[in-house]
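Fit chain P to the supplied structure of chain H, relying on the hints for placement.
Protein chains: 2
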Amino acid sequence: MKIALDCIPCLLKQTLRTARMATDDPDEITRIIKETAIRLPLLMELPTPTHAGRIVHGLPRELLGIPDPYKKEKVKHTKIALEIYEKFKEIVQDSEDGLLSAIKIAVAGNIIDFGTGEVFDIYKEVNDVIAQDFAVLDYNEFKRALDKTDKILYLADNAGETVFDKILIEQLGKPVSYAVKGLPVLNDATYEDALMAGIDNVANVINSGSDAPGIVLDCCNQEFRDMFNKSQFIISKGQGNHEALSDVDAPIFFLMRIKCRPVADYLGLKKGDIILKMQNAVTCH
Amino acid sequence: MKIALDCIPCLLKQTLRTARMATDDPDEITRIIKETAIRLPLLMELPTPTHAGRIVHGLPRELLGIPDPYKKEKVKHTKIALEIYEKFKEIVQDSEDGLLSAIKIAVAGNIIDFGTGEVFDIYKEVNDVIAQDFAVLDYNEFKRALDKTDKILYLADNAGETVFDKILIEQLGKPVSYAVKGLPVLNDATYEDALMAGIDNVANVINSGSDAPGIVLDCCNQEFRDMFNKSQFIISKGQGNHEALSDVDAPIFFLMRIKCRPVADYLGLKKGDIILKMQNAVTCH
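Line by line, the protein sequences are chains H and P.
All residue numbers for the first sequence refer to my numbering, where the first residue is 553 and numbers rise by one.
All residue numbers for the second sequence refer to my numbering, where the first residue is 553 and numbers rise by one.
Source of the hints: derived by calculation from the structure; they are not laboratory data.
It is possible that some hints are incorrect.
Since the list can't tell identical chains apart, any single copy or any two copies may satisfy a pair.
Unchecked claim - Here are the computed lysine-lysine pairs in the DSSO-like style, where the Cα-Cα straight-line distance is at most 30 Å:
{"hint": "1", "residue 1": "554", "residue 2": "700"}
{"hint": "2", "residue 1": "823", "residue 2": "726"}
{"hint": "3", "residue 1": "624", "residue 2": "822"}
{"hint": "4", "residue 1": "782", "residue 2": "823"}
{"hint": "5", "residue 1": "822", "residue 2": "586"}
{"hint": "6", "residue 1": "676", "residue 2": "700"}
{"hint": "7", "residue 1": "726", "residue 2": "639"}
{"hint": "8", "residue 1": "700", "residue 2": "565"}
{"hint": "9", "residue 1": "703", "residue 2": "823"}
{"hint": "10", "residue 1": "586", "residue 2": "726"}
{"hint": "11", "residue 1": "822", "residue 2": "676"}
{"hint": "12", "residue 1": "631", "residue 2": "676"}
{"hint": "13", "residue 1": "624", "residue 2": "726"}
{"hint": "14", "residue 1": "554", "residue 2": "628"}
{"hint": "15", "residue 1": "676", "residue 2": "782"}
{"hint": "16", "residue 1": "823", "residue 2": "811"}
{"hint": "17", "residue 1": "631", "residue 2": "586"}
{"hint": "18", "residue 1": "782", "residue 2": "565"}
{"hint": "19", "residue 1": "641", "residue 2": "811"}
So that you can see chain H by itself, here it is in the shape it has in the complex:
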């Protein structure tokens, strides 16, 4: 997906949030915003919003030497999610279609607000998401492709959401490689974050090498690119991965909520919609 004009103020807003996560020093935050602002015209020339996000979210790391501004938040979210893991399992076990329930739980992990930290609230939110209809649900295609493949490549999104992914991985019934980011970027899961969620008990956790807030293939290591290119079945979580891969011709199922208007426009859907969408690079624009 090409970068939209609306992405530019949004990137600046995200940078401000990240800078505030990295430091309390207003001078340093101001410096990061200024350094971002002067790069914006250049960022507008990059191929996708994820490429631009890579530059923007790398700045606190480069300028302040703070490797992982979101670490505390990521640990908190993972802990909260682990506390209600057993409740998720019960939902899946009690449902008529365990796979579909697990898909809904996995997308709920992409949506819910960990802000309150109250387990009860989060459990309620997950149930609300489960009750929500998908705007696109290529479930039959998903099941057919799952039947045919002998292994799965699963592209992770945020820390905390990882625990929700674990529920889905346990329902897939095939060997899964769970690809995380190569460096900390936003609240995206790294290798360490995935281990904290216990993903290594259900999948092979692999480092994609990407330091963008999405799997930008140009930024990934060769090992990952080879695996990606050979994959017959890829699950891509979250909007960042979608932005990076929406024009890549590969057997991907995107599982996510649409969080902004440019992505909604690109897909011909609405902000807030949840989708399980088979990649169709030819008909997408």
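Coordinates of chain P only, in the frame set by chain H:
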């Protein structure tokens, strides 16, 4: 009020909206965004968000030669407001305290969404605002100051809102000078917009000279500055005027809704609060 870091992405978002009002040409819109982006580090050094808004919202005018991108919207909003002017009057006439009702109607003009264009919806919205409590209501101070003064300086905000101001002006019972912007900026009322609302029937419409989205005294003409400095009673509508004048020691009553977090933080109030607040430059920070 000093410019906040949160103002920077917000200014860029506003610029995008203005650019889209000014032209349909994506290349021209991109050019405006790029020109704005490279100016952002400089804008962060300006004394108030309104000073920065002046630069940003002047760019479509300078770069594209389009003097008033919001003209169509301003005319539409004024027409809609005029259609329900008589209904506002009835609300004031039927109320126990006509002045307070008129104040509430004037602040409603700063809040309501003209988007639908349906008179019924707008009338309902105005009634909702009238039912809302003020977070700050320096009404007794307002009445005392009004009693003492022999004339009023009224600082206009948006076109359309002007019609709501007319209702309040008619309740004030003293001669009013109604100060508008010197050049079109955002949807702020100019001389022409005020005439369309019929303000000249109830007040002396004057050109402040300011081409910022708020009364920035440095940008006003000498005649207006003299009038401002001699004024004993000033009503300032909307957040733009507040941002520009919050640190100016003058007998101002700010009548507005708080539309963003930096202003809420500055005033120690909440986003969405409506206020009639006597200027108190010493205790404000």
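Structure-based check of all given hints:
Taking the shortest Cα distances, residue 554 and residue 700 never come within 30 Å of each other, neither inside one copy (32 Å) nor across copies (61 Å). Proximity of residue 823 and residue 726 under a CA criterion of 30 Å is satisfied in neither setting, with 33 Å inside one chain copy and 50 Å between copies. In this assembly of identical chains, the alpha carbons of residue 624 and residue 822 lie at most 30 Å apart only when taken from different copies (28 Å versus 32 Å within one copy). Taking CA atoms no more than 30 Å apart as the test, residue 782 paired with residue 823 passes in neither setting, with 33 Å inside one copy and 51 Å between copies.
In this assembly of identical chains, the alpha carbons of residue 822 and residue 586 lie at most 30 Å apart only when taken from different copies (28 Å versus 33 Å within one copy). Taking the shortest alpha-carbon separations for residue 676 and residue 700, neither the intra-copy value of 35 Å nor the inter-copy value of 58 Å comes in at or below 30 Å. In this homomeric assembly, residue 726 and residue 639 come within 30 Å of each other (Cα to Cα) only inside a single copy, at 23 Å, whereas the closest approach across copies is 68 Å. Taking identical chains as interchangeable, the C-alpha atoms of residue 700 and residue 565 are never at most 30 Å apart, the minima being 43 Å within one chain and 47 Å between chains.
With identical chains, the CA atoms of residue 703 and residue 823 are never at most 30 Å apart, being 32 Å at best within one copy and 50 Å at best between copies. For the identical chains of this complex, residue 586 and residue 726 are neighbours neither inside a copy (48 Å) nor across copies (48 Å), given an alpha-carbon limit of 30 Å. When the C-alpha separation of residue 822 and residue 676 is checked against a cutoff of 30 Å, the pair qualifies both within a copy, at 24 Å, and between copies, at 28 Å. In this assembly of identical chains, residue 631 and residue 676 lie within 30 Å of each other by CA distance solely inside one copy; the values are 17 Å within and 46 Å between copies.
For the homomeric pair residue 624 and residue 726, neither the shortest alpha-carbon distance inside one copy (33 Å) nor that between copies (59 Å) is at most 30 Å. Taking the shortest alpha-carbon separations for residue 554 and residue 628, neither the intra-copy value of 33 Å nor the inter-copy value of 34 Å comes in at or below 30 Å. Taking the shortest alpha-carbon separations for residue 676 and residue 782, neither the intra-copy value of 39 Å nor the inter-copy value of 60 Å comes in at or below 30 Å. When the C-alpha separation of residue 823 and residue 811 is checked against a cutoff of 30 Å, the pair qualifies both within a copy, at 6 Å, and between copies, at 23 Å.
With identical chains, the CA atoms of residue 631 and residue 586 are never at most 30 Å apart, being 35 Å at best within one copy and 42 Å at best between copies. Taking CA atoms no more than 30 Å apart as the test, residue 782 paired with residue 565 passes in neither setting, with 37 Å inside one copy and 41 Å between copies. Taking the closest pair of Cα atoms, residue 641 and residue 811 come within 30 Å of each other only inside a single copy of the chain (27 Å); across copies the shortest separation is 43 Å, beyond that limit.
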